Amino acid sequence: MVEIVVPKVPGDDGADIHRSARWIVTGICERGETRDRLEGIEVGHGARIEIPAGSVLLVLDKRPTGYKDRRFSTPYMAYDATLTLLLVEETGLRDEPLWTRRFASEKGAFGSSGAGQIIKHLAAHPPAADLHVREVEPGPGRPNWAAGPCRWCGDQVARGAGRAVGHGEEAKVEHPPGLCRRPAQPVTGEVCARCKVACVQGSAEWAQVRDPETGQRWEARHRGQCAHWPSPEEDARRTEELRLQREAEQKREAKKRADREQRAAKRGAAVEEERRAAREVRERVERLGVKASVDVATPFDKGLDPHTRMRLVERRLTLGDDSIAMVFDVEAYGGDRPTVGYEGDGVDEPDDRGGRYYRRSDARDEYQRHKWTPLPYTQPARRRFEPAPCPLDPSVKHCDHCGTTVTLGGWMVASLGLACDVDCYDAMSNEHGAHARRYHSHA
Numbered sequence: 001m002v003e004i005v006v007p008k009v010p011g012d013d014g015a016d017i018h019r020s021a022r023w024i025v026t027g028i029c030e031r032g033e034t035r036d037r038l039e040g041i042e043v044g045h046g047a048r049i050e051i052p053a054g055s056v057l058l059v060l061d062k063r064p065t066g067y068k069d070r071r072f073s074t075p076y077m078a079y080d081a082t083l084t085l086l087l088v089e090e091t092g093l094r095d096e097p098l099w100t101r102r103f104a105s106e107k108g109a110f111g112s113s114g115a116g117q118i119i120k121h122l123a124a125h126p127p128a129a130d131l132h133v134r135e136v137e138p139g140p141g142r143p144n145w146a147a148g149p150c151r152w153c154g155d156q157v158a159r160g161a162g163r164a165v166g167h168g169e170e171a172k173v174e175h176p177p178g179l180c181r182r183p184a185q186p187v188t189g190e191v192c193a194r195c196k197v198a199c200v201q202g203s204a205e206w207a208q209v210r211d212p213e214t215g216q217r218w219e220a221r222h223r224g225q226c227a228h229w230p231s232p233e234e235d236a237r238r239t240e241e242l243r244l245q246r247e248a249e250q251k252r253e254a255k256k257r258a259d260r261e262q263r264a265a266k267r268g269a270a271v272e273e274e275r276r277a278a279r280e281v282r283e284r285v286e287r288l289g290v291k292a293s294v295d296v297a298t299p300f301d302k303g304l305d306p307h308t309r310m311r312l313v314e315r316r317l318t319l320g321d322d323s324i325a326m327v328f329d330v331e332a333y334g335g336d337r338p339t340v341g342y343e344g345d346g347v348d349e350p351d352d353r354g355g356r357y358y359r360r361s362d363a364r365d366e367y368q369r370h371k372w373t374p375l376p377y378t379q380p381a382r383r384r385f386e387p388a389p390c391p392l393d394p395s396v397k398h399c400d401h402c403g404t405t406v407t408l409g410g411w412m413v414a415s416l417g418l419a420c421d422v423d424c425y426d427a428m429s430n431e432h433g434a435h436a437r438r439y440h441s442h443a
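Taking the numbering used here, the leading residue of the sequence shown gets 1, the next gets one more, and so forth.
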């Protein structure tokens with residue numbers, strides 16, 4: 001058997017898809033007219049089929065040639081007919097046709113000349129005794145002009161939604177491949193028709209097999225390559241492995257969650273213990289008082305503005321009972337601002353920013369709360385000169401607007417004179433910014 005693709009009806013040169021046809025021809029009758037004389041199996045154009053090598057494929061293409069007049073009726077469309085004989089070899093269709101000819105009509109194509117050529121080439125290439133044509137993939141076929149029941153599944157096919165099979169009164173309608181009503185039973189568990197392995201869930205689908213002799217049947221087929229899908233035993237083994245992996249992952253996640261909760265509980269207990277110790281230190285300081293204070297370290301120091309800085313200082317206090325306590329002071333200093341202390345340290349005025357803290361974390365939070373804040377920009381005050389008379393000496397540099405001979409920032413050159421500052425420069429221009437004329441009468 002050789003797999004070939006039946007030539008399609010050429011649509012670019014006006015061939016009529018409904019009147020053209022293809023046959024695997026086996027003989028020709030002595031009686032009859034036109035295509036009714038042919039003996040063989042009709043195949044669809046563009047279909048992929050399997051046939052024995054040495055078969056002869058007859059291609060009929062009909063093209064409209066124009067309207068012809070009738071004596072007592074309306075004109076009708078006339079069609080010519082082109083017959084082509086193709087030989088099926090072991091490698092497929094031969095490139096060069098056995099014979100081809102264009103006739104004025106289909107009746108003339110199957111006359112003595114055309115029939116003689118068919119008989120001649122069938123004698124040179126006799127057909128197989130048990131000729132069987134298997135359709136691997138159906139072609140586009142001919143659109144159905146009339147609605148009717150599908151010859152395979154029985155469902156109604158709307159006009160133009162299916163394909164027409166056969167000609168004349170024997171013409172039937174069928175759904176395009178894949179649109180017939182599928183079996184209701186699931187495909188899971190069915191044996192694949194190609195690899196003979198049971199199909200697992202989601203790996204296969206129903207495929208329709210259409211045979212003109214035995215009718216249609218539905219068979220299970222794997223999607224894509226069969227080797228890519230596992231057998232039920234392999235699928236069960238993979239499912240069990242996946243279940244064990246998920247259980248192990250759940251155990252690991254549960255252990256991580258328990259460890260996080262345990263660490264959080266330890267951190268909470270440590271914070272509570274630290275707060276309790278800080279409350280005890282504060283009570284001792286307030287109850288016993290401070291005899292002496294020594295700076296131990298200054299881990300943080302930053303600027304708050306161009307004139308003020310802030311620092312975090314660790315201090316060791318000597319209390320009234322000569323016991324030692326560690327505190328953390330956040331204080332601002334710098335510029336004209338005196339470095340202030342806290343009540344009990346011998347300083348009367350407390351600081352309005354920062355404070356004393358008995359936990360390092362509280363002091364660090366207070367220190368980080370204050371950010372750098374630049375001083376607001378103020379426009380510098382510029383000295384203005386009142387209008388002055390033009391100097392008698394024209395060689396002396398002077399403002400062409402106000403007449404002054406003094407400038408703080410340097411002379412500004414306008415198009416028609418000098419300006420002592422920006423205001424005079426702007427005053428010497430018109431509303432468009434152009435220095436078109438002098439405003440100073442003596443310039």
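Do not take every clue at face value.
As the list claims (entries may be wrong) - No more than 27 Å apart at the CA atoms, straight line, and that leaves these computed lysine-lysine pairs for DSS-like:
1) 266 to 256
2) 172 to 107
3) 107 to 120
4) 107 to 68
5) 172 to 196
6) 107 to 8
7) 256 to 8
8) 302 to 256
9) 397 to 251
10) 266 to 255
Derived by calculation from the structure, the hints in this document are not laboratory data. Computed from a predicted structure; not experimentally measured.
Status of each hint after checking the structure:
no.	hint	verdict
1	266 to 256	holds, 15 Å
2	172 to 107	holds, 24 Å
3	107 to 120	holds, 19 Å
4	107 to 68	holds, 16 Å
5	172 to 196	violated, 34 Å
6	107 to 8	holds, 22 Å
7	256 to 8	violated, 67 Å
8	302 to 256	violated, 40 Å
9	397 to 251	violated, 92 Å
10	266 to 255	holds, 16 Å
In summary, the numbered hints that this structure violates are 5, 7, 8 and 9.
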